[in-house]
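Enquirer: Chains as they are written, first to last, in the numbering used here: chain A, 301 to 900; chain B, 353 to 592.
Calculated directly from the structure, the hints in this document are not laboratory data.
Please note that the accuracy of each hint is not assured.
[Unchecked claim] Straight-line alpha carbon distances no greater than 30 Å define the calculated BS3-like cross-link-like pairs of lysine-lysine that follow:
1. Lys-555/B to Lys-473/B
2. Lys-392/B to Lys-331/A
3. Lys-562/A to Lys-498/B
4. Lys-392/B to Lys-853/A
5. Lys-331/A to Lys-829/A
6. Lys-544/B to Lys-386/B
7. Lys-464/B to Lys-331/A
8. Lys-853/A to Lys-562/B
9. Lys-464/B to Lys-544/B
10. Lys-386/B to Lys-498/B
11. Lys-326/A to Lys-544/B
12. Lys-386/B to Lys-853/A
13. Lys-562/B to Lys-326/A
14. Lys-555/B to Lys-853/A
15. Lys-555/B to Lys-326/A
16. Lys-555/B to Lys-331/A
17. Lys-853/A to Lys-331/A
18. Lys-562/B to Lys-331/A
[As the list claims (entries may be wrong)] Here are some of the chain A residues that sit facing chain B, going by a computed Cβ distance under 7 Å:
19. Ala-313
20. Trp-430
21. Leu-492
22. Val-496
23. Leu-499
24. Arg-502
25. Gly-505
26. Leu-527
27. Leu-545
28. Gly-546
29. Gly-566
30. Leu-570
Remember, predicted model here, so these are calculated numbers, not experimental data.
Glycine included, C-beta positions come from ideal geometry on N, C-alpha and C.
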Amino acid sequence: MTDVTPETTSYLAPAEVEDVELYHPKSFVTKYIWSQDAKVIAIQYAVTAIAIGLVALVLSWMMRLQLGFPDTFSFISPEAYLQLITMHGMIMVIYLLTALFLGGFGNYLIPLMVGARDMVFPYVNMLSYWVYLLAVLVLVASFFVPGGSTGAGWTLYPPQAILAGTPGQSYGIILMLASLALFIIGFTMGGLNYVVTVLQARTRGMTLMRMPLTVWGIFVATILALLAFPALFVGAVMMMFDRLLGTSFFMPQIVEFGESLKYGGGSPILFQHLFWFFGHPEVYIVALPGFGIVSDLLSVHARKNIFGYRMMVWAIVVIGGLSFVVWAHHMYVSGMNPYFGFFFATSTLIIAVPTAIKVYNWVLTLWRGNIHLTLPMLFAIAFIITFVNGGITGLFLGNVVVDVPLSDTMFVVAHFHMVMGVAPILVIFGAIYHWYPLMSGRMLNQAMGHFHFWVTFIGAYLIYFPMHYLGFIGVPRRYYAIGETEFIPLSAATLNEFITVAALIVGLAQVVFIFNLVWSLFKGEKSVKNPWRATSLEWQTPQMPPAHGNWGKELPVVYRWAYDYSVPGAAEDFLPQNLAPDQVAIAKGHEASGVRAAAT
Amino acid sequence: MAQAAMTETAEPISRPDGLRGIVADFSSDQRAFKNVPWGKAMMWIFLLSDTFIFSCFLLSYMTVRWSTEVPWPNPSEVFSLTIGGQNIPLILIAIMTFILISSSGTMAMAVKFGYARDRKKTAILMLVTAAFGASFVGMQAFEWTKLIHEGVRPWGNPWGAPQFGSSFFLITGFHGTHVSIGVIFLLAIARKVWRGDYDSQRKGFFTSRKGNYEIVEITGLYWHFVDLVWVFIFALFYLW
Ligand code: HEM
Ligand SMILES: [Cu+2]
Numbered sequence: 301m302t303d304v305t306p307e308t309t310s311y312l313a314p315a316e317v318e319d320v321e322l323y324h325p326k327s328f329v330t331k332y333i334w335s336q337d338a339k340v341i342a343i344q345y346a347v348t349a350i351a352i353g354l355v356a357l358v359l360s361w362m363m364r365l366q367l368g369f370p371d372t373f374s375f376i377s378p379e380a381y382l383q384l385i386t387m388h389g390m391i392m393v394i395y396l397l398t399a400l401f402l403g404g405f406g407n408y409l410i411p412l413m414v415g416a417r418d419m420v421f422p423y424v425n426m427l428s429y430w431v432y433l434l435a436v437l438v439l440v441a442s443f444f445v446p447g448g449s450t451g452a453g454w455t456l457y458p459p460q461a462i463l464a465g466t467p468g469q470s471y472g473i474i475l476m477l478a479s480l481a482l483f484i485i486g487f488t489m490g491g492l493n494y495v496v497t498v499l500q501a502r503t504r505g506m507t508l509m510r511m512p513l514t515v516w517g518i519f520v521a522t523i524l525a526l527l528a529f530p531a532l533f534v535g536a537v538m539m540m541f542d543r544l545l546g547t548s549f550f551m552p553q554i555v556e557f558g559e560s561l562k563y564g565g566g567s568p569i570l571f572q573h574l575f576w577f578f579g580h581p582e583v584y585i586v587a588l589p590g591f592g593i594v595s596d597l598l599s600v601h602a603r604k605n606i607f608g609y610r611m612m613v614w615a616i617v618v619i620g621g622l623s624f625v626v627w628a629h630h631m632y633v634s635g636m637n638p639y640f641g642f643f644f645a646t647s648t649l650i651i652a653v654p655t656a657i658k659v660y661n662w663v664l665t666l667w668r669g670n671i672h673l674t675l676p677m678l679f680a681i682a683f684i685i686t687f688v689n690g691g692i693t694g695l696f697l698g699n700v701v702v703d704v705p706l707s708d709t710m711f712v713v714a715h716f717h718m719v720m721g722v723a724p725i726l727v728i729f730g731a732i733y734h735w736y737p738l739m740s741g742r743m744l745n746q747a748m749g750h751f752h753f754w755v756t757f758i759g760a761y762l763i764y765f766p767m768h769y770l771g772f773i774g775v776p777r778r779y780y781a782i783g784e785t786e787f788i789p790l791s792a793a794t795l796n797e798f799i800t801v802a803a804l805i806v807g808l809a810q811v812v813f814i815f816n817l818v819w820s821l822f823k824g825e826k827s828v829k830n831p832w833r834a835t836s837l838e839w840q841t842p843q844m845p846p847a848h849g850n851w852g853k854e855l856p857v858v859y860r861w862a863y864d865y866s867v868p869g870a871a872e873d874f875l876p877q878n879l880a881p882d883q884v885a886i887a888k889g890h891e892a893s894g895v896r897a898a899a900t
Numbered sequence: 353m354a355q356a357a358m359t360e361t362a363e364p365i366s367r368p369d370g371l372r373g374i375v376a377d378f379s380s381d382q383r384a385f386k387n388v389p390w391g392k393a394m395m396w397i398f399l400l401s402d403t404f405i406f407s408c409f410l411l412s413y414m415t416v417r418w419s420t421e422v423p424w425p426n427p428s429e430v431f432s433l434t435i436g437g438q439n440i441p442l443i444l445i446a447i448m449t450f451i452l453i454s455s456s457g458t459m460a461m462a463v464k465f466g467y468a469r470d471r472k473k474t475a476i477l478m479l480v481t482a483a484f485g486a487s488f489v490g491m492q493a494f495e496w497t498k499l500i501h502e503g504v505r506p507w508g509n510p511w512g513a514p515q516f517g518s519s520f521f522l523i524t525g526f527h528g529t530h531v532s533i534g535v536i537f538l539l540a541i542a543r544k545v546w547r548g549d550y551d552s553q554r555k556g557f558f559t560s561r562k563g564n565y566e567i568v569e570i571t572g573l574y575w576h577f578v579d580l581v582w583v584f585i586f587a588l589f590y591l592w
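Make a model of the complete structure from these sequences and hints.
Expert: Have a look at this one:
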């Protein structure tokens, strides 16, 4: 049944590393506030990320209100609109998705899934969260400083990002850059922990090729982040110099209102290169953990091993590697040499190959599976559909000739929301429905969950499908209002109203979701242990939710990969990773042949 | 195959050689890099990330040097000192480079004595390394002062492209910060070595894990990295 057949378990390597002695917190403060326990840090990360994400959600409502009903809301000025899109985009991409996937799920799941007691350096891990929180606070502060937050767009392109015409020029941009730098410092402390924990702190029997794909996804994404964030860091530092010290790293000679500015000789395109050298891998920083988690959700809830485990691992690694050589497909309109465009279009299309392999494997995992349409499964399926959708428009935009007319239109907005907005968010929802019982000991409410799922899933399409069309007819992106434009039919305004109504309804469904999270914490149905009957280690802890140190006295020993579902001949339809071969119960009638997977 | 618990780098475990060994390690359980303690792995990965930071800085410097329309000041003239009536180009930088590279030597010796558990020699060599580092930073401060007196500012200078000053302060400043942090670390670790914290396995600072002499090597890795980066800065900024 399995396509990965490691040697039999007759031989198990002895422990190479002494069991670690953890820091034992005694007071409430050291247990839950200045906590060094990865699980607590994970929840701190997740709560902070979701809180700031809700701010970004509210910002998107305001943007949509303005686009749907221009001339109605006097408090949204053109400048305010630019500030809204900037903060919305930056928060969603960095402070919500990156922090939630890596800081949240990474912290919670990595030690549990690889059978470690905690991250390798819990103290540094704790600092990571507090620096992240500081970054968020600095970002929030920029709403309140004179001039407000920056309106440079989440790409922060110079020269306009630091020129007087851009809102937030006085303080907003400074706080934004400072906050980004802090985020990167904080992330680095956490990221080093995640990588080293996966590489060096696995339990006995847990080989790399037995790790659940969730860990693989988060692991590779963290490596990408450690190598991509430096470019953003450097860009932010140099722009800070340009803004505060009047250097001209990114600033060419500029004449503003007839006056020549003090700048000259810098290269704005340099910033674009730095930004996108970070920006494209960033897409995969939020996509790869999603890929990994979805693979596990599908496998558990279809009671079937993931199709092509090895291929899935290699696809993650290859996508990660390739993501560093495609960045300039965001710069086709920057006037770069057409030969570069040719190179980057080619590399972009090549990435589609491993990505398509993953999609096929997900579908093949479902094929003749015993599909349980639980909430995590619904979200996982919704992810596949949405991701394919966004991926296909990505192929359009990857080609220079198609991208040039579509660039900076609503088509691009629709594309990236599908592929890196909605799709990863759907995975996050699925993952929360899946792991909430583990974290809290209670199930989330089903009725509210189904309402949340259907409204979000259908609503996302009502929002973004029409946007593709708007892009085709030329509605530009980042425009406060399009007014009466010759080439844009009046019906576009009606469509915009429709999108806005849909967006507000979807937003409301998220409020229900948050309510569900809080309500179920107290009133939710008590979960049995391992409610999804999953094989991976996080469900096999002695207590649920797992206690400090995760494993009680003895670390678990791993005998098999994470995907032994519906193994022929076994009495149970799942074999936990730490179930020894001689303990596998054999189904009636199979006594003679035994269990094939017992030897994996 | 793997044997006893090996958190310290005492004896190597016997494993197949060459490529086979690499594959065997990676496909084994527990640790991908056998005999590599957690802290050391972490430092290596951090340095990889830091390499990207310095590469971005240096590439950006080269880009602006190329994009600016004003001629670039001649580094060998700017960085020259008049000693005994004679104008010697790059003399200070040469001395600084020499000092920093020598400090790598003393650091390497400290690591060796650390594993030999010779506390006194280790601590002294680390202090010497720190002293070299501190004098490097001191000379850098002298150079900054001199240039600032001559009118070099991040936004301009008397001789040509303003990007000269911008890149100079940015890159040497960032590197100098690295050296200073290294000096502080060296002092802190030297003190702990001297006190015998690593023999008594006292809990380390910056971590709640027990410390041991690996920390000397980890500090050394960082220190060698900072030196190596300097070689690139020297070649690309001063010699070009
Ligand atoms: C209810 C959900 C959401 C709605 C209604 C929404 C709506 C919008 C709107 C109207 C814009 C501005 C378009 C323009 O004028 O250019 C925008 C921009 C953007 N959104 Fe969203 N969005 C949502 C969720 C997300 C998520 C989850 C992400 C995470 C990746 C995201 C990332 C971005 C980015 C990066 C921009 C570009 C900002 C810029 O142009 O600088 N959005 N969104
Ligand atoms: Cu891209």
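Enquirer: Evaluate each hint against the coordinates.
Expert: These are the hints, each one checked on the structure:
Pair hint Lys-555/B plus Lys-473/B holds up; C-alpha atoms about 22 Å apart against a cutoff of 30 Å. Among the hinted pairs, Lys-392/B with Lys-331/A is consistent with the structure: their alpha-carbon atoms are about 28 Å apart, no more than 30 Å. Between the alpha carbons of Lys-562/A and Lys-498/B the distance comes to roughly 25 Å, so the proposed pair stays at or under 30 Å and holds. As the CA atoms of Lys-392/B and Lys-853/A are separated by approximately 27 Å, the hinted pair is consistent with the 30 Å bound.
For the hint linking Lys-331/A to Lys-829/A, the alpha-carbon distance of about 24 Å falls within 30 Å, and the restraint holds. Using a Cα cut-off of 30 Å, the hinted pair Lys-544/B and Lys-386/B holds, with the two alpha carbons roughly 27 Å apart. A hinted pair counts as satisfied when its Cα atoms are at most 30 Å apart, and Lys-464/B with Lys-331/A does not qualify at roughly 40 Å. Restraint check for Lys-853/A and Lys-562/B: satisfied, since their Cα atoms lie roughly 20 Å apart, inside the 30 Å limit.
Under the criterion of a C-alpha separation no larger than 30 Å, the hint pairing Lys-464/B with Lys-544/B is consistent with the structure, at around 17 Å. Proposed proximity of Lys-386/B and Lys-498/B is contradicted: the alpha carbons are some 50 Å apart, above 30 Å. For the proposed pair Lys-326/A and Lys-544/B, the alpha carbon gap of about 27 Å is at most 30 Å, so the pair holds. Taken as a hint, the Lys-386/B and Lys-853/A pair is honoured in the structure, with Cα atoms around 25 Å apart against an allowance of 30 Å.
Of the pairs offered as hints, the one joining Lys-562/B and Lys-326/A holds, with about 19 Å between alpha carbons and a cut-off of 30 Å not exceeded. At most 30 Å may separate the alpha-carbon atoms for a hinted pair to count; Lys-555/B and Lys-853/A meet this at roughly 22 Å. Among the hinted pairs, Lys-555/B with Lys-326/A is consistent with the structure: their alpha-carbon atoms are about 17 Å apart, no more than 30 Å. Our distance criterion of 30 Å between C-alpha atoms is met by Lys-555/B and Lys-331/A, whose separation comes to about 19 Å.
The suggested pairing of Lys-853/A with Lys-331/A holds, with an alpha-carbon distance near 20 Å, which does not exceed 30 Å. Taking the CA atoms of Lys-562/B and Lys-331/A, the gap is about 20 Å. The hint holds against a cut of 30 Å. Look at Ala-313/A: its Cβ gets to within about 5 Å of chain B, closer than 7 Å, so that hint holds up. Interface hint at Trp-430/A: violated, since its Cβ lies 14 Å from the closest Cβ of chain B, which is beyond the 7 Å cut-off.
Checking Leu-492/A against chain B by beta carbon gives a least distance of about 5 Å; that is within 7 Å, so the hint holds. Hint status for Val-496/A relative to chain B: holds, with the closest Cβ pair at about 5 Å, below 7 Å. This hint holds: Leu-499/A has a C-beta 5 Å from the nearest C-beta of chain B, less than the 7 Å allowed. The criterion of a C-beta within 7 Å of any C-beta in chain B is met by Arg-502/A, whose closest approach is roughly 5 Å, and the hint holds.
Interface hint at Gly-505/A: satisfied, since its Cβ lies 5 Å from the closest Cβ of chain B, which is below the 7 Å cut-off. For Leu-527/A, the shortest C-beta to C-beta distance to chain B is roughly 5 Å, which falls under 7 Å, so the interface hint holds. Nearest Cβ of chain B to the Cβ of Leu-545/A: about 4 Å, under the 7 Å cut. The hint holds. The beta carbon of Gly-546/A is positioned within 7 Å of a beta carbon in chain B (closest approach about 4 Å), and the interface hint is therefore held.
Taken as an interface hint, Gly-566/A checks out: its beta carbon lies about 6 Å from the nearest beta carbon of chain B, inside 7 Å. Given hint, Leu-570/A at the interface with chain B, holds; its Cβ is 5 Å from that chain's nearest Cβ, closer than 7 Å.
The structure shown violates the earlier hints numbered 7, 10, 20.
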